[in-house]
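Enquirer: As they're listed, the protein sequences go chains A and B.
For the first sequence, my numbering begins at 1 and goes up steadily by one.
For the second sequence, my numbering begins at 492 and goes up steadily by one.
A portion of the hints provided could be inaccurate.
Said to hold, decoys possible - Chain A is faced by these chain B residues, among others (derived, beta-carbon under 10 Å):
hint	residue
1	Val793
2	Val797
3	Pro841
4	Gly883
5	Phe913
6	Ser917
7	Gly924
8	Trp928
Stated by the list, open to error - Under the rule of at most 27 Å between Cα atoms (straight-line distance), these lysine-lysine pairs were calculated in the BS3-like manner:
hint	chain 1	residue 1	chain 2	residue 2
9	A	Lys111	A	Lys168
10	B	Lys665	A	Lys111
11	B	Lys665	A	Lys168
If you are wondering where the hints come from, they were derived from the structure by calculation, not from laboratory data.
All figures in this text were calculated on a predicted structure; none of them were measured in a lab.
Beta carbons: idealized from backbone N, C-alpha and C, even for Gly.
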Amino acid sequence: MIPILSLVLATLLAGTAVTFLAGSRARWAALGTALAFLAEVGFLFLGYPGWPGYNGAMVPGFADQESYAWIHLYWMHVNYTVGVDGISLVLILLTAILQIATVVYSWTESKRPAAYFGLVTLTCLGSFGVFVALDVLLFFLFWEAVLIPMFFLIGYWGGPRRRYAAIKFFVYTHVASIVMLVGLLALVFYSGATSFDFASVYAAARGLSPVVQVFLFLPLLFGFAVKFPVVPFHTWLPDAHVEAPTGGSVLLAGLLLKLGGYGLIRWAVEVLPVGFAHVRPIVFVLAFVSILWGSVLALSQRDLKRMVAYSSINHMGIVLLAIGLGSSLGLLAAVLLMFAHGIVSALLFMSAGTVHHTFGTRDIPSVGGITPTTPALSTMMMTGSLASLGLPALISFPAEFVALLATWEALGYLVLLPLAVLVVTAGFYLWMMQRMLFGPPRGIPADAHDVPTHEGVAMGLLVALSVLFGVLPGLLVNVIANSPVKGFPGT
Amino acid sequence: MDALAMAAPFAPELVLLAAALLVFLLDVLGVRHLEALGAIGTAATGTSLLLVIADLGFGPLGALRTLGASHLDAVPAPGTAPLYAFSSFGLVFQGLFLLAAFLVSLASLSRPSHERGAAVFFGLLLLATLGMLLVAIASDLIFLLLAIELTSIASYILVGYTRRDPRSLEAAMKFYIIGALSSTLSFFGASLLFGAYGTTNLYAIRASAGAVGYPVLALLGFGFLLAGLAFKTTLVPFHAWAVDVYDGAPSDVSAFLAGGTKKIGVFAFFLVFLGPVLYLRGTGGANPFAGPPFDIGPVVQVTLAVVAVLTMTVGNVLALLQREMKRMLAYSSISQAGYILIGVTIGTAPALAGATLQVLAHVLMKSGAFLVVAAVAGLGVGPLIDDWRGLGARRPALSVAFALMLLSLAGVPLTVGFVSKFVLFSAAVQAQGLFVWLAVAGLLNSALSVFYYGRVLKAIFFDPATPTPAPSGAAMGAAGPPPLGAGGIGYARAAAIGLIAVAIVALGLYPQPVLGAIQSAATHFVAGGA
Chain A
1 MIPILSLVLA
11 TLLAGTAVTF
21 LAGSRARWAA
31 LGTALAFLAE
41 VGFLFLGYPG
51 WPGYNGAMVP
61 GFADQESYAW
71 IHLYWMHVNY
81 TVGVDGISLV
91 LILLTAILQI
101 ATVVYSWTES
111 KRPAAYFGLV
121 TLTCLGSFGV
131 FVALDVLLFF
141 LFWEAVLIPM
151 FFLIGYWGGP
161 RRRYAAIKFF
171 VYTHVASIVM
181 LVGLLALVFY
191 SGATSFDFAS
201 VYAAARGLSP
211 VVQVFLFLPL
221 LFGFAVKFPV
231 VPFHTWLPDA
241 HVEAPTGGSV
251 LLAGLLLKLG
261 GYGLIRWAVE
271 VLPVGFAHVR
281 PIVFVLAFVS
291 ILWGSVLALS
301 QRDLKRMVAY
311 SSINHMGIVL
321 LAIGLGSSLG
331 LLAAVLLMFA
341 HGIVSALLFM
351 SAGTVHHTFG
361 TRDIPSVGGI
371 TPTTPALSTM
381 MMTGSLASLG
391 LPALISFPAE
401 FVALLATWEA
411 LGYLVLLPLA
421 VLVVTAGFYL
431 WMMQRMLFGP
441 PRGIPADAHD
451 VPTHEGVAMG
461 LLVALSVLFG
471 VLPGLLVNVI
481 ANSPVKGFPG
491 T
Chain B
492 MDALAMAAPF
502 APELVLLAAA
512 LLVFLLDVLG
522 VRHLEALGAI
532 GTAATGTSLL
542 LVIADLGFGP
552 LGALRTLGAS
562 HLDAVPAPGT
572 APLYAFSSFG
582 LVFQGLFLLA
592 AFLVSLASLS
602 RPSHERGAAV
612 FFGLLLLATL
622 GMLLVAIASD
632 LIFLLLAIEL
642 TSIASYILVG
652 YTRRDPRSLE
662 AAMKFYIIGA
672 LSSTLSFFGA
682 SLLFGAYGTT
692 NLYAIRASAG
702 AVGYPVLALL
712 GFGFLLAGLA
722 FKTTLVPFHA
732 WAVDVYDGAP
742 SDVSAFLAGG
752 TKKIGVFAFF
762 LVFLGPVLYL
772 RGTGGANPFA
782 GPPFDIGPVV
792 QVTLAVVAVL
802 TMTVGNVLAL
812 LQREMKRMLA
822 YSSISQAGYI
832 LIGVTIGTAP
842 ALAGATLQVL
852 AHVLMKSGAF
862 LVVAAVAGLG
872 VGPLIDDWRG
882 LGARRPALSV
892 AFALMLLSLA
902 GVPLTVGFVS
912 KFVLFSAAVQ
922 AQGLFVWLAV
932 AGLLNSALSV
942 FYYGRVLKAI
952 FFDPATPTPA
962 PSGAAMGAAG
972 PPPLGAGGIG
982 YARAAAIGLI
992 AVAIVALGLY
1002 PQPVLGAIQS
1012 AATHFVAGGA
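Next up, chain A with everything else stripped away, as it sits in the complex (with noise of 0.2 Å):
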């Protein structure tokens, strides 16, 4: 068997250093990275079972599993253990789309461009790192190497407040992780599992009582809950969003915070199911919260990356709730509203950062009816927020879909609830392209013209696949609802 995992980590690792090394050639580098990391994720896909149906057991059994010895304490062991389900395979599929789509975009930085395009690949070896870990040391290892680069991207790439938005950023991120480890090391030691491997722990973890459990769940939960964010902890958020160049905000809002989503799924929901059920009206509220708020802040937005951050909250709410439905539809309509977002958010942070660099400004009032001087930047800008307010067709329809049905499933007429917020998405994303895209010109200079061509491929990339992914859910839905196993019998 191939060890595939270990040498899509080679080709990331290899790809950092060279890109790091390569000077005025770093784009290069990390487009050539970039496309070796998909063709393997492309590999990988082919080699994972897509049709059996999902039979709704939540089993650590995963594909591709590599386990070397790493560090070997007296009484037990950390290894290095990798391998990928579907919940995981869908991600680092995103992964690997954000990182073309970032460079490509950002193909003309010209501040320091070998250390901006290391950083970046940089922060996709650290995403890819989390979602293939299966120990915990070597998950938080990943989750820890993600956030430096993304700090050092904010805070010298970034807008006029970035050293206030980087350090806000580490600070919000670092004490969540610490909170994460200690609940993660916790977990290990009180379960007395004898490895700190996913398998090992989850099994020890089945012997542990309710209470225990759920005192275990909850620094887990609010380690993950920063990174997602929900919404007392979320103000580092716009800050951060708002300040980091764009390719960062593509990364941020793409990957970043599917990181907690991904982290509470793997790490918390599986591994503690009693704990979970018992917090899960805490989960409830925490995300009808979010989504609400971050409604509300969105439309209240005059920056059009701010509004963009808000509403990145409120989607992220959506996550959470299908999560925290606890039954494997909700389980699949939070990684397909994952999936979505990730390449939604992406396409808007891009809208957002040429708008600024074409117009001078983002604020929405101050700009309008820029579709006759700029119609494909308009076009695609208008896919990116009809998607993202779920038109169907387009990706996130699907997914919110599922989402709804799940709620209806599991919660009854509460459904109304998230449904109602929906209107209030739609509304803002209406009124932006309402004042921004239609309507007599304003504050246009006279030197704009539309979208450069490298950032119209970046974009163009992301609308093509909103469109495919829009039409064709199923391409997704078989690999996610297959999650658990490959080669695992009876299954």
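Dock chain B against chain A, hints included.
Expert: Then chain B, alone, in the frame of chain A:
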């Protein structure tokens, strides 16, 4: 032949002694080139380091061992009172001491060659290292304290060896007075123990304590010894001198003090408090502490635990408030001593291994950080953290290396600092009971420490450079592109810093070879060696 066989185990020590004498001799003969003397110092410490690694039987070097395997971890016959004993745990510490000395010596090859006193610097560096090696083989209190004295006296002079800088002289005086006080306390403690048990040999003290328990005289003795060693190890409340000394000393010397000599206190703690006092912890069975007048094991442990938490917290909080780079590093060094003391407090083999790994990490991180400070000072950058602004753009390689050291100090994953804290804290959790709170305190402190390291990183990488009117600040200002490469800080120093940076990441990614050696040594130590 017999004499040779007797001397062979001391090969690492003899190499240092011979090199020190050679350096002083050359000085008398008029050879005062910094490069020549420095080369001797570097070669001697390097050779000695290889010999120690060979004695540990590490990899292919094992073939070169001069110490017979039967001498290693040999338990002395009952009734004998040897002055020294070779334990694999001691050898590990010898290796750590020599690593610090080697790195500082290598970097110091790049000191300005017109500087006077090269012979003093390298000669005393070798002598101090010799004293440290002797600490690691001591099994008698007097031998131990004399070895500590050898190191201390050499380092008092090292702190003030430039003789020009009044700050440096003040630091040397302060160091000397505090050091004398600490020695007095230690020797007083040793003499009280002699009064209590009729011996200064650690094996004999352990045997007597097992038989007659802990009379008041012995408790006083251990108390004074604790205070004396706490000075050396910069534990709160005996820490205040360290900041002024590390700050005032030339940065290369600070690197040696913080990375090297301070650790002899740590090893002495292991010897004295795990040997006679907490001996047999973890082996289960009979409680060796129960005896007249009362069971002192828990008392000692609680005392050490309180000191450890205080040291971590005070060091970190005060580091947060510092505006000068060296003072910040000095306080962070104090807090790191607190982490290390967690290992002594718990006293199980895993905890010992964690503490030792933390010592290794600290040797790399702290020596490295002070070496970078010396390099940056050589570029004309002032002492304040704010003066480092914009360094990332001017000196990317140096800044990245420094960033790695700080991240490792903060315990960020992918660095050796994370692995060492992980091993240490998980040992605390595994020891159960109240020790879990030591792990919690350590974790909270690591989280806190991120803020002051992060502030430095922010200054280096994000803040724009503020042109300072430094005398040798030709590199600064708007004129010309920022200089790159090793030029300006010296190739030897660049090599030392690069070596450290690589080691930090390499050990962070794959610590197993070193960790394995440390774990087996710690197991031997707890199981019965000295």
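Enquirer: Hint by hint, say whether it matches the structure.
Expert: Status of each hint after checking the structure:
{"no.": "1", "hint": "Val793", "in the structure": "violated, 23 Å"}
{"no.": "2", "hint": "Val797", "in the structure": "violated, 22 Å"}
{"no.": "3", "hint": "Pro841", "in the structure": "holds, 5 Å"}
{"no.": "4", "hint": "Gly883", "in the structure": "holds, 8 Å"}
{"no.": "5", "hint": "Phe913", "in the structure": "holds, 7 Å"}
{"no.": "6", "hint": "Ser917", "in the structure": "holds, 7 Å"}
{"no.": "7", "hint": "Gly924", "in the structure": "violated, 13 Å"}
{"no.": "8", "hint": "Trp928", "in the structure": "violated, 13 Å"}
{"no.": "9", "hint": "Lys111(A) / Lys168(A)", "in the structure": "holds, 23 Å"}
{"no.": "10", "hint": "Lys665(B) / Lys111(A)", "in the structure": "violated, 49 Å"}
{"no.": "11", "hint": "Lys665(B) / Lys168(A)", "in the structure": "violated, 41 Å"}
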